[in-house]
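Using the sequences and the hints, build the whole thing.
Those protein sequences? They're chains V and G, same order as listed. For the first sequence, UniProt numbering assigns the number 1 to the initial residue and increments by one for each residue that follows. For the second sequence, UniProt numbering assigns the number 1 to the initial residue and increments by one for each residue that follows.
Everything labelled a hint here was simulated from the structure, so no lab data went into it. Accuracy of the hints is not assured; some may be wrong.
All copies of an identical chain are treated as equivalent in the list; a pair is satisfied when it fits inside any one copy or across any two copies.
What the hints assert, rightly or not - Below, in silico cross-link-like pairs of lysine to any residue (SDA-like), each with a Cα-Cα straight-line distance of 20 Å or less:
| # | residue 1 | residue 2 |
| --- | --- | --- |
| 1 | K571 | R538 |
| 2 | K535 | R513 |
| 3 | K491 | V355 |
| 4 | K535 | G598 |
| 5 | K626 | F642 |
| 6 | K535 | F397 |
| 7 | K522 | H493 |
| 8 | K522 | L501 |
In this text the structure is predicted, and so the values were computed from the model without any measurement.
There are 2 protein chains.
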Amino acid sequence: MGVGDVSKRILLGRKLRSAQLGETLLPKRIAFPVFASDALSSVAYAPDEIFIILALAGVALYSASIWVALAVAAVMLIVVASYRQNVHAYPSGGGDYEIATVNLGPKAGVTVGSALIVDYVLVVAVSLSSAAQYAASAVDYVADHRVLVAVGLVVLLALMNLRGVRESGTSFAVPAYAFMTALGGMCLWGLVRYAGGTLPDAQSAELEIIPAANYEGTLTTIALVFLVARAFSSGCAALTGVEAISNGVPAFRRPKSTNAATTLMLLGLIAVTLMLSVVSLANVMNVKYVDPHDLDRLVRPDGTPVGEDYHQDTLIAQIAHGVFDNFPPGFYLVVIATGVILVLASNTAFNGFPVLGSILARDGFLPRQLAVRGDRLAYSNGIMILAGMAISLIVAFDAEVTKLIQLYIVGVFVSFTLSQLGMVKHWTRHLRSERDPAERLRMQRSRLINGAGFAMTAAVLVVVLATKFISGAWLTLLAMGSFIGIMVAIKRHYENVALELAADEQDKVLPTRVHAIVLVSKLHKPTLRALAFAKATRPNALEGVYVSVDEKETARLLEEWDERNTGVPLKVLHSPYREVVKPIVEYASAIRRANPRGVVAVYIPEYVVGRWWEQLLHNQTALRLKGRLLFTPGVMVTSVPFQLRSSQIAREREEREERRVHPGDLRSGRVDEDTGRRIRR
Amino acid sequence: MGVGDVSKRILLGRKLRSAQLGETLLPKRIAFPVFASDALSSVAYAPDEIFIILALAGVALYSASIWVALAVAAVMLIVVASYRQNVHAYPSGGGDYEIATVNLGPKAGVTVGSALIVDYVLVVAVSLSSAAQYAASAVDYVADHRVLVAVGLVVLLALMNLRGVRESGTSFAVPAYAFMTALGGMCLWGLVRYAGGTLPDAQSAELEIIPAANYEGTLTTIALVFLVARAFSSGCAALTGVEAISNGVPAFRRPKSTNAATTLMLLGLIAVTLMLSVVSLANVMNVKYVDPHDLDRLVRPDGTPVGEDYHQDTLIAQIAHGVFDNFPPGFYLVVIATGVILVLASNTAFNGFPVLGSILARDGFLPRQLAVRGDRLAYSNGIMILAGMAISLIVAFDAEVTKLIQLYIVGVFVSFTLSQLGMVKHWTRHLRSERDPAERLRMQRSRLINGAGFAMTAAVLVVVLATKFISGAWLTLLAMGSFIGIMVAIKRHYENVALELAADEQDKVLPTRVHAIVLVSKLHKPTLRALAFAKATRPNALEGVYVSVDEKETARLLEEWDERNTGVPLKVLHSPYREVVKPIVEYASAIRRANPRGVVAVYIPEYVVGRWWEQLLHNQTALRLKGRLLFTPGVMVTSVPFQLRSSQIAREREEREERRVHPGDLRSGRVDEDTGRRIRR
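Below, the structure written as structure tokens:
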């Protein structure tokens with residue numbers, strides 16, 4: 001096979017890929033669970049948070065819960081409507097980051113980027129803390145070890161992703177549909193029983209709630225409004241994950257945007273229905289639910305507190321317990337399906353984080369190697385950083401969803417708001433040049449929707465900041481600020497380097513002569529190969545260089561050298577303190593100084609071994625030497641490798657590594673649906 | 001300056017060094033404290049151990065302590081006499097390892113090597129645990145936190161050595177002479193007061209010792225002998241460090257061997273005198289001393305135990321307390337001087353460990369980079385391994401000298417015994433060829449001394465193993481066994497590689513043609529330089545290679561390329577998944593396959609930055625590419641560096657690093673006594 005063939009084969013690879021990609025794109029029935037699990041899973045904790053906040057004023061305000069839920073549902077539907085415009089206008093998968101960057105400039109883009117980073121961390125922390133809570137409803141042991149279980153889940157997911165887990169559509173579809181079926185079934189059956197008058201009260205119905213300090217007696221209007229606003233802020237946790245679909249448009253089947261928009265609408269309707277049903281059932285079943293830190297505010301009818309031993313199950317668990325009081329498998333099905341979807345939701349973050357990282361890296365805001373496919377180190381570091389931050393949060397906040405939620409919603413709404421504002425500018429800009437009246441009408445309608453979305457999300461952001469700043473949002477802002485700072489600094493560094501590297505006219509001058517030196521440590525195969533290769537490049541001068549640290553060895557080598565009769569002179573550098581690197585560096589720079597317009601080519605024979613411990617035993621000097629020579633101007637360093645038999649092991653390992661699935665592959669259309677393997681070219 | 005001048009300058013460097021070295025060699029008055037601190041410091045704990053063991057049978061056996069001490073002193077003097085033969089016969093500084101290897105073969109050598117490694121770890125652990133004990137006599141706080149203090153001292157010494165502390169003769173001389181003066185003064189003054197009848201009893205004189213379980217009543221003869229033998233084994237801790245001088249012969253002034261032998265004798269006499277004086281004083285002052293774990297065996301005259309709050313001071317501290325009861329500064333001087341010399345003794349291990357490592361590495365038993373001067377990584381790893389192992393021991397054994405001593409003496413006597421056996425064989429071999437009667441007589445006398453040394457140390461080794469196997473020596477043997485296993489495996493690996501690398505006739509074939517490819521990522525200075533360098537080597541074929549991951553960028557680059565008119569064709573490889581490494585590796589191997597007798601030269605433009613975080617942001621792809629190309633046969637990889645301004649920082653850092661002092665420098669004559677700096681060439 002000639003060189004031409006090869007490049008053709010490589011060129012052809014591309015066409016093949018485009019063709020293949022069409023087949024692997026996700027149909028709606030698979031795309032829905034893949035991208036919706038994050039948003040759906042928030043139904044598992046958002047209603048609880050509404051009840052916890054309202055419970056501060058005792059049971060009196062519980063009736064407001066349905067209104068709060070309706071407000072959240074309204075925001076949800078408006079946001080969904082807005083994002084349907086986004087996926088039509090920006091089908092490339094850049095999501096909020098791209099929209100903000102293009103329309104509002106890089107500063108807004110970086111802000112959205114850092115908000116998303118913070119969010120990914122919180123998705124993991126919140127979802128897995130919540131999953132641990134659900135596990136606690138089913139298994140008593142977990143109740144006493146929630147932090148341990150949540151951290152264990154993070155570690156498990158991180159290990160799975162480090163190893164390269166196949167994220168396939170099916171693995172999402174089964175649990176997501178199971179969750180919807182189980183939860184939907186519970187709500188339906190509950191309503192049926194309610195209509196029939198056979199719906200029992202929840203296990204906590206008989207309990208009383210003592211209002212928290214400062215909330216006793218009749219509240220002032222301001223305090224009342226503030227409390228309801230807080231409940232609304234916490235309930236907005238239900239909106240997290242809605243933007244996922246807008247990042248996943250490229251993975252949809254054609255017509256991509258239309259399919260994505262349909263899926264988005266479906267997601268909105270299902271999520272809203274489930275949330276409203278859960279809140280309604282909790283109301284009619286008289287669930288009592290307080291902050292797990294304030295269990296002493298929960299008292300029995302006789303006035304005694306329930307005490308520390310009371311396990312407060314989540315809303316859904318309590319409802320399932322009541323609805324399925326005559327059918328225990330139903331309870332377990334609901335609890336298990338909810339737990340599984342929460343774990344899936346946080347796996348979403350493990351897959352989304354590298355994709356976001358690669359987009360930010362492409363624009364120079366993060367280290368460039370993050371942008372390269374298959375950089376194992378970059379991906380591994382990303383996963384470990386994500387896991388590390390999530391674990392810190394879980395431990396610092398005792399795996400308590402209520403506390404973590406305080407940090408959560410800020411980031412989501414920062415990116416919602418900026419993205420909607422960007423969309424408004426997008427339509428305004430396009431309207432300037434668009435003349436077709438029908439098209440103008442469509443655009444104006446879209447702008448109206450995005451405008452409403454902006455107004456709504458901005459308002460929610462203000463409410464969230466006002467009600468949660470002290471209880472945690474400040475931490476989120478601080479984290480976002482640091483990420484922005486780091487990203488801006490990285491960008492500036494890359495720009496400065498590019499400036500320093502920009503080519504000018506004098507860079508065309510050719511070196512006048514090449515002085516080649518071949519490093520000799522022993523006269524073995526690698527050295528002979530390096531000599532042969534160096535000779536083949538026909539340099540103006542060629543010599544072997546040997547660093548002598550021992551008289552006897554030197555004499556032996558010189559003898560061998562003469563015997564071999566290589567036709568190349570051997571220069572011996574004496575090194576009394578057994579230093580090897582320094583004499584060579586000095587010799588090379590001296591040659592260069594003697595001939596400043598020439599170039600020194602240093603040939604280093606290297607032998608390549610395969611096992612990690614073998615690598616520790618070899619080539620350390622070559623490595624150090626190469627490191628030092630990089631700083632020596634006018635020197636180029638050539639490694640001439642000689643592959644030992646054991647190097648086969650390393651090559652095979654590398655190849656296995658390349659074939660491996662990486663987190664985010666599915667989201668980027670890189671996984672073949674049928675086989676679950678990465679697409680081969 | 002021409003190339004010839006340079007090599008001359010480098011050659012001249014060597015002569016200069018030899019001349020300088022003469023001046024920096026150590027006179028006896030400096031060499032003594034440098035090499036003797038380890039041996040002298042054992043006086044601080046060896047007598048205590050004798051008393052602890054004898055105390056098992058109550059105070060009844062205390063009278064045997066002086067006999068045990070005399071036996072230890074006898075062994076000490078015989079060992080010293082033997083080593084005086086060693087330094088004459090092997091003045092190269094290889095010490096026991098060299099003697100065992102040359103005379104008994106590499107297996108014995110490796111055994112001695114691993115024994116010495118174990119010993120260095122134990123020197124650190126025992127000395128610093130003992131130092132913490134002394135600090136406890138002076139400062140109450142330390143008494144409750146001995147483990148912490150001992151670990152803290154290890155960390156401190158490790159950090160100092162990692163940073164590169166100047167080990168100068170003076171830094172040893174002052175504390176060593178202070179220790180000898182203080183301790184000698186104490187003994188002398190104590191004897192004077194004893195003669196005058198004014199020597200008070202020790203603070204613990206009034207206490208009674210209850211014999212330990214199994215030691216009550218009249219002991220059988222066998223039990224008695226075993227107990228005394230155990231006390232003797234523990235007392236032999238006094239011999240540790242004697243071999244240090246035989247490793248340091250090259251650092252002595254001429255006549256090296258004679259000076260070293262004289263110093264050795266001096267050391268033996270002083271150590272024996274101090275030890276015997278301490279034991280005698282402890283006897284006449286009625287010191288009562290038990291295992292710190294058995295404090296409940298120490299009772300007041302009224303029969304009540306002293307209780308957990310009783311701080312049992314070391315023998316020397318108790319004696320100093322009594323002798324200087326009318327002169328408190330004397331007490332503090334003794335305690336502080338003892339503490340300091342113990343710290344110095346363990347610093348000796350930090351300096352000796354790298355030197356031992358480099359000798360073992362030179363013979364292929366340890367990774368080769370340990371043999372290279374100034375390999376910061378190798379030295380740092382050595383220091384951290386030593387510190388880590390010492391800390392584990394201290395924590396595992398609660399910083400209790402008595403427990404650590406159980407592990408200690410095995411290693412020392414293994415190397416004593418093998419080295420003396422080696423010396424016997426050495427003389428026997430030389431006697432075979434020697435004809436001069438006077439010389440023969442001298443040799444026979446030496447052989448007799450070494451033979452006595454061998455018999456004595458072998459007997460002690462048997463006693464030590466018999467009395468301490470269960471209480472800890474098994475652990476030492478296990479550790480030694482593992483080190484031997486590792487070293488043998490490393491040696492075997494190096495030998496196999498050497499076999500695989502051995503040159504044969506076919507290695508002379510020259511490649512028929514050189515196909516050069518220059519990697520192009522952007523058209524900036526580094527790329528242009530790489531192109532110019534590659535052109536200068538006049539390859540048979542030359543092309544630029546660009547991996548296209550983005551249509552627009554590719555078009556822009558192609559345009560620029562045409563504008564620049566470099567005269568080099570540009571090959572574009574398409575990479576749909578943004579992989580960079582794989583297409584290049586595949587292209588290079590394809591070229592090679594098309595022309596199996598040719599060689600592919602891959603030129604990688606690299607820019608060199610200086611700060612660690614800059615390095616994270618750059619060249620990761622180049623690094624990974626180079627790693628992969630090493631496994632591709634017939635390819636040589638050339639880095640063409642372009643130094644950015646910030647690279648200056650890294651160069652300066654490297655230079656600072658090279659000038660730095662490394663542990664073990666003094667021992668190898670590498671430090672200038674006057675300035676304390678490393679000798680510059």
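Evaluation of the provided hints:
1. K571 - R538: within (19 Å within a copy, 25 Å between copies)
2. K535 - R513: Both: 15 Å inside a copy, 11 Å across copies.
3. K491 - V355: The answer is within: 18 Å in one copy meets 20 Å, while 46 Å across copies does not.
4. K535 - G598: both (18 Å within a copy, 12 Å between copies)
5. K626 - F642: Classified as both: same-chain Cα gap 17 Å, cross-chain 14 Å, threshold 20 Å.
6. K535 - F397: neither (66 Å within a copy, 62 Å between copies)
7. K522 - H493: Classified as between: cross-chain Cα gap 17 Å, same-chain 43 Å, threshold 20 Å.
8. K522 - L501: Classified as between: cross-chain Cα gap 10 Å, same-chain 39 Å, threshold 20 Å.
Figure legend: structure checked against the earlier numbered hints; the only hint not met is number 6.
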